[in-house]
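Taking the hints into account, I'd like the entire structure generated from these sequences.
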Amino acid sequence: MKTTPIIGFEVHVELKTKSKMFCSCDATHFQIEKNTHTCPVCLGFPGTLPVPNQTAIDYCIKLGQALNCEINHISFFERKHYFYPDLPKGYQITQLQKPFAINGFLEIDGQKVRVNRAHMEEDAGKLMHENGQSHIDFNRAGVPLIEIVSEPDLTSSEIAKKYLNKIQQIVRYLGISDADIDKGSMRCEPTVNLKVESASGGKTFYTPLVEIKNIAALNGCIDALEFEINRQIKQWEETHEIKSGTNKTTRGWDADKKETYLLRAKGGNADYRYFPEPDIPPFEFTDEKINEIKQQIPELPDAKIKKYQELGISLLDAESLADDQKFALCFEKAISLDPKNAKAITNLFLGTLKIDLDLDKINPQYFKDLIESLNKNEISSTVAKQIILESYQENKNPLDIAKSKNLLQNSNTDELEEIAKKVIAENQKAVDDYKKNPNSVGFLIGQLMKASAGSANPTLAKEILEKLLK
Amino acid sequence: MTLDLTKLSQLSDLTISEPEKFSKNLKEITTHFAVLDNLDTKNIEPTFQVTGLKNISREDLVVDTPPIHQGCFVTDILVNRNG
Amino acid sequence: MDNKLNAFITIIEKPASGIPIAIKDNICTKNIKTTAASNVLKDFIPTYSATIIERLEAAGYSVIGKTNLDAFAHGSSTENSDFGVTHNPHDFDCLPGGSSGGSAAAVGAGLVDFALGTETAGSIRQPAAWCGVVGLKPTYGYVSRFGVIAMASSMDCPGPITKTATDAAKILEIISGHDPLDATSLNVPPYKFCKLKIENLKIGVPSSYLKIVTPEILEKFNQVLEVYKKLGHEIVEIEMMDPSISIAVYTILQRAEVSSNLSRYDGIRYGGPRTVFNQENERRILTGTYVLAAGSYDQYYLKAQKVRTLIINDFDEQFKNVDIIMAPTTPTTALPIGSSTDDPMFGENADQLVEPSSLAGVPGISIPCGFIGKLPVGFQIIGPHLSENLIINTAILYEDNANNRI
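Protein chains in written order, with our numbering: chain A, 1 to 470; chain B, 1 to 83; chain C, 1 to 406.
What the hints contain is simulated information worked out from the structure, not anything from laboratory work.
We put the CB at the ideal spot given by N, CA and C, even for glycine.
If a hint is listed, it holds; no wrong ones were tucked in.
Facing chain A, a subset of chain C residues (Cβ under 8 Å, in silico):
no. : residue
1   : Val148
2   : Thr289
3   : Ala294
Ranges between beta-carbon positions, derived for each pair:
no. : chain 1 : residue 1 : chain 2 : residue 2 : range
4   : C       : Met345    : A       : Gly184    : 44 to 52 Å
5   : C       : Asp298    : A       : Gly201    : 39 to 47 Å
6   : B       : Ser23     : C       : Glu219    : 37 to 45 Å
7   : A       : Asp323    : C       : Lys42     : 57 to 65 Å
8   : C       : Thr47     : A       : Ala270    : 28 to 36 Å
9   : A       : Arg264    : B       : Ser23     : 25 to 33 Å
Structural data, given as structure tokens:
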């Protein structure tokens, strides 16, 4: 029997607009005093009306394009009805028939993961239970969300993790969301089932769909998937229950017990009675407008990774450089005068410079000079990593720092030979030891370093000593 | 569509005060709908908006409004109704 | 002042000193109880005013009271109010019409010269006709809906109820024009009344509408047409879609939007619990849920929206050939109190002559044109999109030339 996981995701990204989706309340809500960022509109008071946030819509179109989606020329909002205390109007304004973006994809490890849609909606309030009572904080109600729905194209939890990481990266690159899973500004809800193929190559079966909620961390998501995949394998072996139109279930993830538990039993789909939102006219986008927004999209991670690889940087290093947009831009500025030495500069960035960098403080000339010096063996790579950090922090030319701290390497063969001869002359015992055991040359190298006040090129020193002692 | 009063009651979050009367009323009301079946709307687009307006939105600005309510809203509505 | 009529739910003890105006109680007035005539909101005091109230107050009007209506505007009688029915000022035993019955009765009784009502399909024009006053339903989107308790979002129009067409124009100038708080508000400046010299009007009269009215009303209406004919205008009989089609479309769309708009009343953030809705409210919500439910959407809601397009096209076509359309406003004069009880289609039938124009979003004004016995009769003038100046001037023409003004 062979089982293959089939995983799809609904990812909600909370946008960092200044105001909410349909009213002008402050959209920040994390650790804000309860019910202080609210108004009659987002509280659903009688007679109030929604007016959409243009920036939020632009963000959705940008994200759609970054996900290689088609942008619908006509798009509109709809009402999704259900009753719940944290939903003020008794309906959520969302999109169904005509979302802003459809039919996109991402490439993960050479595998194409299709994105069915990226649409806009408003968030609900937060229900809390304290002292046997239920309290509701509506600060979050009305905050703009983009929902990204993938097709069930992911086949393992590892690829799932990469998919989520990629979305997180793209969203952060676009500057539209912080996408912090632990703060709730990115929420992941996988749906998973299994494809079961019998060993004899006979029929193929599919297990019932399970949606997993309450995931609060990226690793938690992967653990949840792993747990659920194993649980479904066991369930299949016991029951041989196959997927039907009415046996989809919802399970919650318990991060402490590290298991999923049943939240909502089978029973068919809820009836949300969608209809187009009469309070908000539809949107019509021209090709010009769509292109205008596309021009605003910065170079995205995958493009940067490819570019870096073309400069001779390894895939792993390129991925590390491109992981954070600001970091990547700092790197690009650093190599701008000296792209052929990108690989060497990569080592600096992934070494002591792997900190929160300020683009203004990156001086490409300093990097050019430093690498030139390194290539001339005037400094060692260890020294280079140290002084570049100081150079960045103090805004000083690294070579000046090296000079002032006496860190320049002496690679002048004649000078070193002179010093070596003196060292040999003054350390007869060490010379004798060397003659007996060539590996003990270290002591003499140390003496030479001392005599040269640490500036001797150690590799050259070793060569010269060995030559003289032959 | 057959009438499932329990479902309708649940979807509307209302207790139907006189179910039989309502069933009768609904039947009467829906007889008026039959006139639409005779109209050919195959190539007709629905009208969701009579204004003809498009692309209405507002700038992303914060406008402070005076607080409507202090503290937290309390509800005793059971949470496990819809899952 | 109001004891017998019950036109008001709330009377302001000491109103400000501006021009008095009565406001239908489904329009939010800051710090003044706004109930929508429902026990669900019987203690609700909004901290905000509707845009149209702010504009009126800025223009020197003062709210002197909140008038009675069918609860949540569900009805055409004002009998569905949770605070008792309003009586017709011309015949105490008769209904004032609805849902803006309180506003129409208050103006009809001379308690106030200016009032605001709202119309989804008939709720301004019908009570205006039954109470013998002027009622104007503006073009949908011309007057902001922000702060107006929603009934059917795609049809609700706040509008003036007054003694004369000129007064209606005065109010429209103040309340109309773009509002950034209402995304369905037209991108146009406020209405400005402009005296027109009306000549050679081509007046369309739908024959299908005339088939539904009582003979007495028909006679009164023909007298109206005579006034215009004498002034040299042309009456043209036109064929429009049968009003029964509009009844179906309107019932489906309105109930659907009502069921949605009343979902916010869950008693958590304000107001009473859902168990307090009256039977008409309950019936409309359930019916609306029914037409939107899975399996019904295409057959009812989507179909109705498509037929709505046909109705809009019908008006567009007619207005290519005529300047305005005229018809009686209602099939009958005011009916006795008690007539609407237990009739789930009372409103739709009473409003069938105004439903088509409401669905199309075009403006209409009802003008009093005489009496049958004690009870007033009204006729309506319907014009194309944003033709308020034309229909108001046409109404003034009648007022100036007819012999039976109130």
